[in-house]
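The whole structure should be built from the sequences, with the hints applied where relevant.
Here the protein sequences come in this chain order: A and B.
Just so you know, we're using our numbering here: the first sequence kicks off at 2 and counts up by one.
Just so you know, we're using our numbering here: the second sequence kicks off at 2 and counts up by one.
I should point out that these hints are in silico values taken from the structure, not numbers from a laboratory.
A couple of the hints might just be wrong.
Since copy identity is lost for identical chains, a pair holds within one copy or between any two.
[Claimed, not checked] Simulated crosslink set (EDC-like; lysine to aspartate or glutamate; CA at most 20 angstroms straight-line):
| hint | residue 1 | residue 2 |
| --- | --- | --- |
| 1 | Lys-254 | Glu-286 |
| 2 | Lys-164 | Glu-263 |
| 3 | Lys-309 | Asp-198 |
| 4 | Lys-41 | Glu-161 |
| 5 | Lys-164 | Asp-248 |
| 6 | Lys-41 | Asp-308 |
| 7 | Lys-41 | Glu-14 |
| 8 | Lys-309 | Glu-147 |
| 9 | Lys-129 | Asp-62 |
| 10 | Lys-199 | Asp-178 |
| 11 | Lys-199 | Glu-147 |
| 12 | Lys-199 | Asp-314 |
| 13 | Lys-254 | Glu-283 |
| 14 | Lys-81 | Glu-8 |
| 15 | Lys-164 | Glu-247 |
| 16 | Lys-97 | Asp-291 |
| 17 | Lys-129 | Asp-42 |
| 18 | Lys-199 | Glu-283 |
| 19 | Lys-199 | Glu-105 |
| 20 | Lys-35 | Asp-21 |
Here is how the chains run, residue by residue.
There are 2 protein chains.
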Amino acid sequence: MLDRILEFLYKKEGYVSGEDISRQLGITRQALWKHIHELKDLGYDIAALPHQGYRVIASPDRLFPFEIQPRLNTRIMARKILYFEALSSTMEIALKHAIAHAPEGTLVVAESQTKGKGRLGRDWFSPKYKGIYLSLILRPEIAPREASILTLLAAVSICEAVKSTTGIDAQIKWPNDILIHNKKAGGILTELSAEMDKVFFIIIGMGLNVNNDKRSLYPGSTSLCEHMKEGISRLDVVCESLRRIEDNYLFFKRNGGQRILESWRNFNVTLGRRVRVVSHREQVEGEAVDIDSDGGLLVRGDSGLLDKFLAGDIVHCR
Amino acid sequence: MLDRILEFLYKKEGYVSGEDISRQLGITRQALWKHIHELKDLGYDIAALPHQGYRVIASPDRLFPFEIQPRLNTRIMARKILYFEALSSTMEIALKHAIAHAPEGTLVVAESQTKGKGRLGRDWFSPKYKGIYLSLILRPEIAPREASILTLLAAVSICEAVKSTTGIDAQIKWPNDILIHNKKAGGILTELSAEMDKVFFIIIGMGLNVNNDKRSLYPGSTSLCEHMKEGISRLDVVCESLRRIEDNYLFFKRNGGQRILESWRNFNVTLGRRVRVVSHREQVEGEAVDIDSDGGLLVRGDSGLLDKFLAGDIVHCR
Numbered sequence: 002m003l004d005r006i007l008e009f010l011y012k013k014e015g016y017v018s019g020e021d022i023s024r025q026l027g028i029t030r031q032a033l034w035k036h037i038h039e040l041k042d043l044g045y046d047i048a049a050l051p052h053q054g055y056r057v058i059a060s061p062d063r064l065f066p067f068e069i070q071p072r073l074n075t076r077i078m079a080r081k082i083l084y085f086e087a088l089s090s091t092m093e094i095a096l097k098h099a100i101a102h103a104p105e106g107t108l109v110v111a112e113s114q115t116k117g118k119g120r121l122g123r124d125w126f127s128p129k130y131k132g133i134y135l136s137l138i139l140r141p142e143i144a145p146r147e148a149s150i151l152t153l154l155a156a157v158s159i160c161e162a163v164k165s166t167t168g169i170d171a172q173i174k175w176p177n178d179i180l181i182h183n184k185k186a187g188g189i190l191t192e193l194s195a196e197m198d199k200v201f202f203i204i205i206g207m208g209l210n211v212n213n214d215k216r217s218l219y220p221g222s223t224s225l226c227e228h229m230k231e232g233i234s235r236l237d238v239v240c241e242s243l244r245r246i247e248d249n250y251l252f253f254k255r256n257g258g259q260r261i262l263e264s265w266r267n268f269n270v271t272l273g274r275r276v277r278v279v280s281h282r283e284q285v286e287g288e289a290v291d292i293d294s295d296g297g298l299l300v301r302g303d304s305g306l307l308d309k310f311l312a313g314d315i316v317h318c319r
Numbered sequence: 002m003l004d005r006i007l008e009f010l011y012k013k014e015g016y017v018s019g020e021d022i023s024r025q026l027g028i029t030r031q032a033l034w035k036h037i038h039e040l041k042d043l044g045y046d047i048a049a050l051p052h053q054g055y056r057v058i059a060s061p062d063r064l065f066p067f068e069i070q071p072r073l074n075t076r077i078m079a080r081k082i083l084y085f086e087a088l089s090s091t092m093e094i095a096l097k098h099a100i101a102h103a104p105e106g107t108l109v110v111a112e113s114q115t116k117g118k119g120r121l122g123r124d125w126f127s128p129k130y131k132g133i134y135l136s137l138i139l140r141p142e143i144a145p146r147e148a149s150i151l152t153l154l155a156a157v158s159i160c161e162a163v164k165s166t167t168g169i170d171a172q173i174k175w176p177n178d179i180l181i182h183n184k185k186a187g188g189i190l191t192e193l194s195a196e197m198d199k200v201f202f203i204i205i206g207m208g209l210n211v212n213n214d215k216r217s218l219y220p221g222s223t224s225l226c227e228h229m230k231e232g233i234s235r236l237d238v239v240c241e242s243l244r245r246i247e248d249n250y251l252f253f254k255r256n257g258g259q260r261i262l263e264s265w266r267n268f269n270v271t272l273g274r275r276v277r278v279v280s281h282r283e284q285v286e287g288e289a290v291d292i293d294s295d296g297g298l299l300v301r302g303d304s305g306l307l308d309k310f311l312a313g314d315i316v317h318c319r
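And the structure:
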């Protein structure tokens, strides 16, 4: 109901008559009044004038499902949204729902996380209302070894969304860091459940620093707002990211991963550089030459031999 | 307590004094009498003579934890056992426990399954007390792409266990079918939960037809007892399988997968044959040349090109 009331209020400049809204939604004036107060409690600044009605003065930058869904025109992504003010980790909640057969595209989104997850058991600092913390459940018909392409797909989609909503040129550091001017602003985490032949589901997690000021950032990290004069609408970035993910995902399902790889190469800041790859088994230094269709990084070592890495951390050398 | 009472009864030929058992276990005669009746209810044939005590005439072939555990000397496998007369699927229950942080080596074992799982969503027919249906939770420090080796490891271990307990030469059809005289007697199912860099856990499922007569077998399948004059102790096969899995697993963790691949080549019935590989994308016919370290099957097509398959079904051609 809140989404439908907001739709009325957003549709028109100026005041909207309470009587009109009530009549068209088939609710009483009293019920409408109650819902308006719910919205105020959620942070909406709504003016009310006798004989004129209601008007939204300001909306809070919250990732409410009833704000996200009307802005999307997606067939898969975020048709179902689980929203939390705070939770342990969107990955953890998404996993529970994925096992309980949540449909493809189910979105778990939170305003803050107490145990935000990064790769390899690392933390993701998730202060309230500052960043974007979400997980998406996908059910592609692929084998587990093909899953990496979806990490690349998510990273590409987010760079596209950041560019189109803020103009900022975000870049990708292999495999999944989102950088702005060579500082980390976000990351993608991909988890999967599978048998050897077939993925059951994949959960794509995304953490992105948006309105974080210096105090709500890890040293050496950055946020979108550090590169803008004004605060940024997290809602805009989330919605555009979901749209881009859907477009890229549908294209991938029809045509395979070639275009994702090309886009990734355009956004990436790793290829052509001297890198040190640190995996749990070894450490290799050389030139990052390319990624292959598995999302693996091809590194030409100093001996001239080409090595392929499917996992690990890299350091960009000077 | 049942395990300790059985230990006393099994230790000695002939009757064991109830007074001795009670005293040494620190329980009353009445409590002992109650436990003896519990064992009788579970299918144990226990004789009782005044002034002489108790004696086990016959044990049922059940996979009770208190029968399995004293027979093992393992550090990891089956230190924790979840036992069920009947359940949906051992994979499903193991998954729940794996997510709830069950320790490595946790065994889920059932006398029957109502929804036994095979590969690719297929059924595994699981009639009561006839076969072995179990799942093992492993937590190896490997990347998802290395998980296939554990499927091969389980298949090899089961062939070893079948040979040593029954003398039957079981064979492996790529990737994970257990054959006896070219008919299917069992299979391995491997599921994993992982991020791109790191496996969280792997669940190895095993289904093996043991005492199934013709009526409790799918057409074209076989069971161990079809190749023996007598009934087979499922308990012996389970315990030996767990011991072999542990040995091979510890060796793999120390030394890598090379020995598993060699054992697999010895047991396999696929390499060197003409095969048709049917995967969800394609269908290829050629000669099965080898498996590689990922567990992938290398097939030389009629054009002479070598193809690698990580998943799919194969048909052995004439």
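Here's how the hints hold up against the structure:
no. : hint              : verdict
1   : Lys-254 x Glu-286 : neither (35 angstroms within a copy, 26 angstroms between copies)
2   : Lys-164 x Glu-263 : within (17 angstroms within a copy, 53 angstroms between copies)
3   : Lys-309 x Asp-198 : between (23 angstroms within a copy, 14 angstroms between copies)
4   : Lys-41 x Glu-161  : neither (33 angstroms within a copy, 69 angstroms between copies)
5   : Lys-164 x Asp-248 : within (16 angstroms within a copy, 54 angstroms between copies)
6   : Lys-41 x Asp-308  : neither (58 angstroms within a copy, 63 angstroms between copies)
7   : Lys-41 x Glu-14   : within (19 angstroms within a copy, 82 angstroms between copies)
8   : Lys-309 x Glu-147 : both (15 angstroms within a copy, 15 angstroms between copies)
9   : Lys-129 x Asp-62  : within (11 angstroms within a copy, 58 angstroms between copies)
10  : Lys-199 x Asp-178 : between (27 angstroms within a copy, 17 angstroms between copies)
11  : Lys-199 x Glu-147 : both (10 angstroms within a copy, 15 angstroms between copies)
12  : Lys-199 x Asp-314 : between (27 angstroms within a copy, 12 angstroms between copies)
13  : Lys-254 x Glu-283 : between (34 angstroms within a copy, 16 angstroms between copies)
14  : Lys-81 x Glu-8    : within (19 angstroms within a copy, 56 angstroms between copies)
15  : Lys-164 x Glu-247 : within (17 angstroms within a copy, 53 angstroms between copies)
16  : Lys-97 x Asp-291  : neither (36 angstroms within a copy, 40 angstroms between copies)
17  : Lys-129 x Asp-42  : within (17 angstroms within a copy, 59 angstroms between copies)
18  : Lys-199 x Glu-283 : between (29 angstroms within a copy, 15 angstroms between copies)
19  : Lys-199 x Glu-105 : within (16 angstroms within a copy, 24 angstroms between copies)
20  : Lys-35 x Asp-21   : within (16 angstroms within a copy, 76 angstroms between copies)
This entry does not satisfy hints 1, 4, 6 and 16, going by the numbered hints stated previously.
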